[in-house]
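First to last, the sequence lines map onto chains A and B.
By the working numbering, the letter at position 28 of the first sequence is numbered 28, and the numbering carries on one by one without gaps.
To get the working numbering, take the position in the second sequence, counting from 1, and add 166.
Please note that the accuracy of each hint is not assured.
Unchecked claim - Keeping only pairs whose Cα atoms sit at most 20 Å apart, straight-line, the calculated EDC-like set for lysine to aspartate or glutamate is:
{"no.": "1", "chain 1": "B", "residue 1": "K727", "chain 2": "B", "residue 2": "D682"}
{"no.": "2", "chain 1": "B", "residue 1": "K233", "chain 2": "A", "residue 2": "D160"}
{"no.": "3", "chain 1": "B", "residue 1": "K242", "chain 2": "A", "residue 2": "D150"}
{"no.": "4", "chain 1": "B", "residue 1": "K863", "chain 2": "B", "residue 2": "E834"}
{"no.": "5", "chain 1": "B", "residue 1": "K253", "chain 2": "B", "residue 2": "E224"}
{"no.": "6", "chain 1": "B", "residue 1": "K242", "chain 2": "A", "residue 2": "D160"}
{"no.": "7", "chain 1": "B", "residue 1": "K367", "chain 2": "B", "residue 2": "E439"}
{"no.": "8", "chain 1": "B", "residue 1": "K601", "chain 2": "B", "residue 2": "D682"}
{"no.": "9", "chain 1": "B", "residue 1": "K210", "chain 2": "A", "residue 2": "E49"}
{"no.": "10", "chain 1": "B", "residue 1": "K320", "chain 2": "B", "residue 2": "E281"}
{"no.": "11", "chain 1": "B", "residue 1": "K601", "chain 2": "B", "residue 2": "E677"}
{"no.": "12", "chain 1": "B", "residue 1": "K233", "chain 2": "A", "residue 2": "D87"}
{"no.": "13", "chain 1": "B", "residue 1": "K835", "chain 2": "B", "residue 2": "D699"}
{"no.": "14", "chain 1": "B", "residue 1": "K261", "chain 2": "A", "residue 2": "E39"}
{"no.": "15", "chain 1": "B", "residue 1": "K579", "chain 2": "B", "residue 2": "E619"}
{"no.": "16", "chain 1": "B", "residue 1": "K261", "chain 2": "B", "residue 2": "E312"}
{"no.": "17", "chain 1": "B", "residue 1": "K233", "chain 2": "A", "residue 2": "D150"}
{"no.": "18", "chain 1": "B", "residue 1": "K585", "chain 2": "B", "residue 2": "D608"}
Said to hold, decoys possible - Covered stretches of chain A, going by a simulated chain B footprint (3 or more residues, C-beta under 8 Å):
{"no.": "19", "segment": "3-10"}
{"no.": "20", "segment": "129-140"}
Calculated from the structure, these hints are not laboratory results.
Don't be surprised by glycine CBs; every beta carbon is placed ideally from N, CA and C.
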Amino acid sequence: MSPRLRLQLARALVVTGFILYLPANLLPVMTITITGVVEPLTVMGGVQELYHTGLVPVAGIVFLASGVLPVVKLLIMAWMLALHGSDQSRPLRMALHAFLLKIGTWAMIDIFLLSILTAVGQLGILASVRAEPGALFYSALLVCSILAVDIYKPYMIWQDSPKKAQ
Amino acid sequence: MNTEEPKREKEDHGEIVATHTGNIAWVWIFPILAAMVAGWLFWKQWESLGPKIEITFEDAPGIQAGKTQLLYRGVKSGSVEAVELDKDLNHVVVKVQLEAFAAELASKNTDFWIERPVISLTELNGLESIIQGNSIQARTQGGPPETQFTGLNKQPLLPLEKGAFTIRLQSKTIPLINRGAPVYNRGIKVGVVRKKGFDEKGRPTLDLYIDKEYRSTVRTNSQFWPIEATALQLGQQGLKLDIAGIDALIQGGISFDHFGEPGAEAASNSVFEFSLNEFDARTCGKTFTVLFQEGRGLIAGATKVCYLGHPIGLIDSVEAVPASHSVKTTMRFYPEYDAIVDSATKLSLVCPRISLEGVTGLDTLITGVYIDMQPGVGGKPATELLGRTISDREWQTIQDERNGMLLTLYAHKLPTIDKGAPVFHRGLTVGTVLKKSLDSNDRATLQVVIKPEFRHLISGNSRFWRIPATSVKIGPGVLHVELESVEALLQGGVQFESFGTSIKSESPVSEFQLFDDKKTAQAESTPIRIRFDNGRGLVAGRSELRYLGVPVGIVENVETKGQYVWVVARLNSGYDALRSQDAVYSVVRPNISLQGITGLETLVSGVYIECTPGSSKKMATSFVGKTTFDSEEITPTGLSVKLKAEGSPINPGASIYYRGISVGRITEKTLSLDGRDVLLTGVINRKYSHLVHENTKFWDASGLKATVGFLKFRIQTGSVIAPDGQVCFATPDNAAMGPASNDGDTFTLYSEPQADWAKWNPSIPTKE
């Protein structure tokens with residue numbers, strides 16, 4: 001795969017990630033039915049729920065991890081891709097890239113937990129958890145951002161843009 | 167990429183040229199795809215959204231924005247987007263986003279309400295909302311689109327659909343019937359009370375919802391009445407508490423039915439009258455207006471009209487009319503009785519009455535007064551009738567009057583017999599005195615009615631007499647106090663009996679004489695007249711006629727006419743022999759003499775007239791009475807013989823002896839027709855009458871006789887022992903005695919016996 005393709009693919013994935021971010025957050029990721037009460041939850045709804053139940057730190061963590069982090073990742077990625085070919089703050093980009101790679105694997109924890117919850121949380125009429133389309137978008141978003149980070153190799157940070165090279 | 171490789175090889179001079187950008191444009195398929203999928207999803211979601219509506223509630227407990235759902239027939243048809251208060255904080259505005267498929271809910275006739283759990287004795291509702299939380303429910307009948315709604319405060323009972331079968335009841339007052347109370351038709355629940363309210367005229371109304379499958383049970387002539395949750399009855403069975411059912415006890419219920427022929431099926435939204443109770447409902451016949459003199463105890467909607475004691479009607483309204491000084495009531499009957507109510511119908515108010523006659527209408531103390539209806543004969547159809555206010559007793563009398571036998575009793579005077587006094591027959595009350603009055607002849611008359619079941623007891627020879635309150639009789643040695651019933655003691659009474667064979671007359675007799683007492687009544691009605699020289703001790707209405715010591719009649723009247731005393735007496739029936747021309751009547755008075763004491767019982771019982779029947783077939787009504795001292799003398803109706811003598815010192819009362827035994831008595835001393843002889847009438851005791859035969863010789867044995875030598879003389883002394891003298895007789899021996907003598911045979915009374923007479927010793931067996 002040529003660096004150019006990598007670059008374009010990464011860019012395309014980041015754009016896709018941004019697009020997916022909307023349905024991922026606007027559509028409910030899961031439906032919790034507890035004693036007949038059907039409660040569709042979006043990511044932010046879940047944060048709200050946690051916040052209202054008094055679990056402010058947890059709400060904060062979830063908000064950061066599930067709500068903010070994906071978009072931060074996409075933003076960082078977008079920034080790095082935007083600076084592709086320039087020689088601005090290359091060491092910072094390297095550091096950020098390494099960081100993104102590192103936390104990238106953890107991003108799926110939400111989906112992992114959701115899938116466990118969906119599998120386990122089938123208590124008949126008392127409670128049930130069902131994954132909703134939002135989760136699909138969410139995981140797609142995560143996949144997009146992970147792939148984008150993975151495809152955009154660190155050496156490409158150091159590549160000069162073709163125009164500049166000319 | 168393969169296309170790139172040869173290029174790169176071709177220009178492999180280390181010269182970097184711009185790659186063909188179009189080659190890798192395909193990567194952009196990812197964002198496009200994502201955008202398309204997301205867009206499609208958003209579009210789909212947007213498409214599923216129906217209109218937004220706003221519902222205003224008084225309060226909205228448990229309604230949460232984003233969570234609470236709008237349910238229609240149990241299906242989520244929308245969700246609450248926002249819950250707000252209006253500006254003046256009086257209402258809650260709930261904004262609901264409807265689903266697209268439920269867009270029809272946003273129409274004008276849709277009702278929204280908050281379903282919350284209701285747990286009460288009568289209903290258990292909205293249980294699911296305990297678990298799921300409150301929800302907003304809707305029902306609709308359609309209508310033009312609308313987005314602003316006012317929510318119901320209460321949950322409506324039934325989903326009101328298009329074409330639901332509802333009927334409306336209206337009444338002056340609606341009893342305690344709650345929303346949701348069941349509606350029964352013959353015990354089957356066919357609907358519920360949907361709404362309580364007022365109509366345009368301010369009359370209370372009840373809206374009923376009838377299940378579609380039962381709508382045929384509602385007919386145009388259906389009658390509706392509330393089910394009495396509890397009925398406390400104080401009656402003959404004691405105190406009785408009926409509880410229709412727990413639900414009825416708490417929220418009441420409505421029952422309906424049609425009486426008589428079923429009418430056509432009622433249309434939806436028809437209006438019916440709501441009756442006060444079942445009885446009120448059943449009496450759905452024509453309305454009659456009845457005027458009463460007095461309306462005491464009449465209660466509209468409660469006082470019943472009874473026919474033969476069976477309630478068939480109800481007073482609808484009671485209203486005093488000052489103009490006519492009466493009480494105007496309207497009443498209705500069971501439809502099937504409409505036909506028998508006409509202008510001849512008697513309607514009488516029965517109320518309790520406590521009087522000397524007794525306590526009547528006591529049941530009405532508990533049941534309240536009622537109106538007794540008696541169908542009349544020959545009435546014309548009418549809707550305006552006249553009622554009467556009477557007591558139960560009077561009602562009874564009316565009953566009797568209608569069915570019973572009316573009699574008129576007349577008497578000279580009528581003491582202590584009141585209206586309502588009983589008429590007895592052998593101790594049974596068989597009738598009542600209706601009226602006491604004077605007739606045109608100035609006679610006191612009693613109108614008496616005999617109950618129908620006893621009318622056969624009245625015959626031509628029935629005798630009526632007054633029952634005195636008490637009678638004290640002093641019989642021989644016995645003081646007899648006769649105390650009639652207390653009732654009779656207070657108001658007197660009339661008793662009757664038929665003596666002798668009953669005479670069935672063709673036309674029923676309706677006029678009778680009322681006698682003073684039983685004895686007078688018992689005596690045969692054709693009186694006999696007896697002439698006495700002296701009427702001492704004879705009391706009208708008291709002195710008896712006796713035959714063989716048994717009372718057979720009564721002296722009815724004692725009057726003097728000329729020099730004689732005329733006694734009018736009545737004989738009991740069956741003693742026709744005593745009417746025979748030659749019957750003998752004699753007054754028995756007490757006599758104390760040396761001979762003995764006779765008629766002593768008359769000291770106590772009073773003087774009586776002893777009767778001796780005659781043998782003649784000819785009847786007489788006028789007799790000549792005798793005065794005698796001893797009843798015994800007359801009593802032997804035995805053999806009457808005539809003794810002829812030229813002259814005799816013997817007087818009536820002299821005894822007749824046979825072998826020294828007194829067997830008879832001289833009763834009369836007269837001159838013979840030609841005046842030459844003295845005729846003595848002797849009566850031989852029946853027991854000894856067979857001793858007298860044709861050849862029997864009678865002789866005078868009175869006085870002291872002395873025979874001195876051949877000179878016979880007799881000292882005529884009024885014997886101390888037998889002042890009237892003595893007669894003896896002897897009968898020859900069997901061969902010569904001749905046939906037994908008959909009544910009225912004449913014998914010669916010898917002055918002294920011949921010697922051989924004393925030797926006669928016939929054996930004469932008694933006839934018996």
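Practice task
Give me the numbers of the hints this structure contradicts, sorted from smallest to largest.
Solution key: Hints 1, 2, 3, 6, 9, 12, 15, 17 not satisfied by this model.
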